[in-house]
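S.K.: Protein sequence lines, in the order shown, are assigned to chains D and H.
Residue numbers for the first sequence follow the numbering used here, beginning at 1 and rising by one.
Residue numbers for the second sequence follow the numbering used here, beginning at 1 and rising by one.
Among the hints, a few may not be true.
[As the list claims (entries may be wrong)] BS3-like mimics (lysine-lysine), calculated; alpha carbons at most 25 Å apart, straight line: (1) K123(D) - K322(H); (2) K207(D) - K227(D); (3) K134(D) - K232(H).
I should point out that these hints are in silico values taken from the structure, not numbers from a laboratory.
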Amino acid sequence: MNTANAQIANAKAKDSLLYLDGVSVSFDGFKALRGLSLVIEPGEMRAIIGPNGAGKTTMMDVITGKTKPDSGDVYFAGDTDLTRLDEAAIASLGIGRKFQKPTVFESHTVWDNIDLALAGDRKPFATLFHRTSKAEIARVEEILETIRLSDKRDWLAANLSHGQKQWLEIGMLLAQEPKLLLVDEPAAGMTDSETAETAILLKEIAKTKSVVVVEHDMTFVRDLGVKVTVLHEGSVLSEGSLDVVSADPKVIEVYLGR
Amino acid sequence: MVTAFLLRALDRRTAIVLIAILGVGILLPVLNLTMDPSSPFHVPTYVLTLLGKYLTYALLALAVDLVWGFCGILSLGHAAFFALGGYAMGMYLMRQIGDRGTYGNPLLPDFMVFLNWKELPWFWTGFDHFWFAAIMVLLVPGLLAFVFGWFAFRSRVTGVYLSIITQAMTYALLLAFFRNDMGFGGNNGLTDFKDILGFDIQADATRGALFFASALALAAGFWICRAVIASKFGKVLVAVRDAEGRTRFIGYRVEGYKLVVWTLSAMMAGVAGALYVPQIGIINPGEFAPANSIEAVIWVAVGGRGTLIGPIVGALLVNFGKTWFTSGMLAEYWLFVLGGLFVLVTLFLPKGVVGTLLARDRKKPVEKPIEDVVAPGAVGQAAE
Ligand SMILES: Nc1ncnc2c1ncn2[C@@H]1O[C@H](COP(=O)(O)OP(=O)(O)OP(=O)(O)O)[C@@H](O)[C@H]1O
Ligand SMILES: [Mg+2]
Chain D
1 MNTANAQIAN
11 AKAKDSLLYL
21 DGVSVSFDGF
31 KALRGLSLVI
41 EPGEMRAIIG
51 PNGAGKTTMM
61 DVITGKTKPD
71 SGDVYFAGDT
81 DLTRLDEAAI
91 ASLGIGRKFQ
101 KPTVFESHTV
111 WDNIDLALAG
121 DRKPFATLFH
131 RTSKAEIARV
141 EEILETIRLS
151 DKRDWLAANL
161 SHGQKQWLEI
171 GMLLAQEPKL
181 LLVDEPAAGM
191 TDSETAETAI
201 LLKEIAKTKS
211 VVVVEHDMTF
221 VRDLGVKVTV
231 LHEGSVLSEG
241 SLDVVSADPK
251 VIEVYLGR
Chain H
1 MVTAFLLRAL
11 DRRTAIVLIA
21 ILGVGILLPV
31 LNLTMDPSSP
41 FHVPTYVLTL
51 LGKYLTYALL
61 ALAVDLVWGF
71 CGILSLGHAA
81 FFALGGYAMG
91 MYLMRQIGDR
101 GTYGNPLLPD
111 FMVFLNWKEL
121 PWFWTGFDHF
131 WFAAIMVLLV
141 PGLLAFVFGW
151 FAFRSRVTGV
161 YLSIITQAMT
171 YALLLAFFRN
181 DMGFGGNNGL
191 TDFKDILGFD
201 IQADATRGAL
211 FFASALALAA
221 GFWICRAVIA
231 SKFGKVLVAV
241 RDAEGRTRFI
251 GYRVEGYKLV
261 VWTLSAMMAG
271 VAGALYVPQI
281 GIINPGEFAP
291 ANSIEAVIWV
301 AVGGRGTLIG
311 PIVGALLVNF
321 GKTWFTSGML
331 AEYWLFVLGG
341 LFVLVTLFLP
351 KGVVGTLLAR
361 DRKKPVEKPI
371 EDVVAPGAVG
381 QAAE
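Only chain D is shown next, with the shape it has when bound in the complex (with noise of 0.2 Å):
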């Protein structure tokens, strides 16, 4: 019964960079998502907003295995269930994650960090016997060129402003190479200057793989120009064009209207 229907999920599923279909997670009675279903095209950007507490964050745990969901499917490029692997199997496919809070290693230089997060073989006898090549190298210079800490590359992470370490783990998400990136809140604590650079190296970013941007900023989302998907309660209340949801009643009832 199972593979019956795994395989009605995956037919669904079969075009889908991302698919969540009906997936429910709740801490102790508390239903932090109640029966999410979202699904990211290959290639696509996508914005999501939502009250405080609507569950986004923990979308996104669900997404990179950092918690298991009570019921619902969850499959990534059409046909590799997530909610079987852990988060290193995860992030090995291709999903990157950035944190809320900022999360980079403290006591690692800037260089470090982006090397560390460098695609490549992370067994630990691997590691142990590693050799920096020239191609790594230069991947991580221009990674730096991008994030635009170039500069700052034998700087402690820990001395960074906060908007910097914002960018620095945007940076080692690339380095993974990821297919899909997903970032929590990253404009949060920024000034309007670094919110719009932020915006526009998302975009940047959003050229090459597909994005999911959760974020409070409003000007920071109407600059992003994206598919808006707006949360509440654990589930989806509207989606479409930043326009349209703005316009659509239940929004702003619960979300924008406060």
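Once you've looked at the hints, dock chain H with the ligands against the given chain D.
M.R.: The following block gives chain H with the ligands in isolation, referenced to the frame of chain D:
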């Protein structure tokens, strides 16, 4: 591959430390053997033995630092690996006694004769051979660490909980080794050693060789740790210490990394224990005492966690202190002093002695790039 791996880590500081350790390892035994006892340069044998013991403690501290300082695994059970290595060596030394025991039994160690045992238990087979014991010194602590770590890291036990179960592990071994029917000499442990590799264990030359072997093991341990830390593997360890979740989400299977470094560290502790026993002349269950593991952590904290040199310095400093203090009238209060030392270091010297010195060293070059980098940027903006 392994040579390249080691040579890559051989920077100036590492080389200096290695030369210093080996220099002491050669110099002191030579002074002991060649100088006339009346000469001020003569090193008495008891001092040599004492310092040899410190060197094995330093190796234990190094092992603790490798997992605690770099991977954030606070082990409160490393004395267990140390003691297991010690027991493996002790069993070999027991077999070397042959029929020279009190009971003169050529087949069985004294304590087995005393217990009325008729034959050697199966797990004593092989310990007649040094090579076998040497393998066991690595294998037994390594295997225990592997099995323990396999379960603990896979179930993602971290922080205080992990520390507590390491403490429980050593305590369980303490109780087990106290039992006579375990076949390891119970309460009294293993002692009355005569020879090692056919040499009289009490002879000055043997003592000197054991001292040198301890220095050599410490130097090798230091070098291996440096190489591990300098590799990409070592950077992953530090990443795990800083942000374990992040490390997982960029695709590293953290439990595998912990398991490798944990097992390596346990094997180093085992070697330390194996060199400790012939110099001290006894191994008993007391070595498994939870307090021993905690002391090792204090050495690391005092010297400086995550520095590799720090734990060596810390182990030497604290143990010099201990020897000096416990030989005076205030001997009973040593544990209070040790506890106080730990509190003081945690509060006022969180990086430890070596860590603080290194940080002061590093300060200057760090400040400079900040100005350098900011200045051109500012100029660039002004120009636009
Ligand atoms: N591990 C957990 N244990 C218990 N409750 C949790 C856990 N994680 C999330 N929750 C709860 O689930 C709900 C959804 O949380 P989530 O972090 O996904 O919201 P969010 O949409 O990301 O909110 P924000 O905009 O504040 O980041 C919240 O009410 C939160 O308190
Ligand atoms: Mg959130």
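S.K.: Straight-line Cα separation of K134(D) and K232(H) no greater than 25 Å?
M.R.: holds (15 Å)
S.K.: For the pair we were handed, K207(D) and K227(D), check the Cα-Cα distance against 25 Å.
M.R.: holds (15 Å)
S.K.: Assess, step by step, whether the Cα of K123(D) is no farther than 25 Å from the Cα of K322(H), and give holds or violated.
M.R.: violated (43 Å)
Hint 1 alone, counting from the list given before, is not met by this structure.
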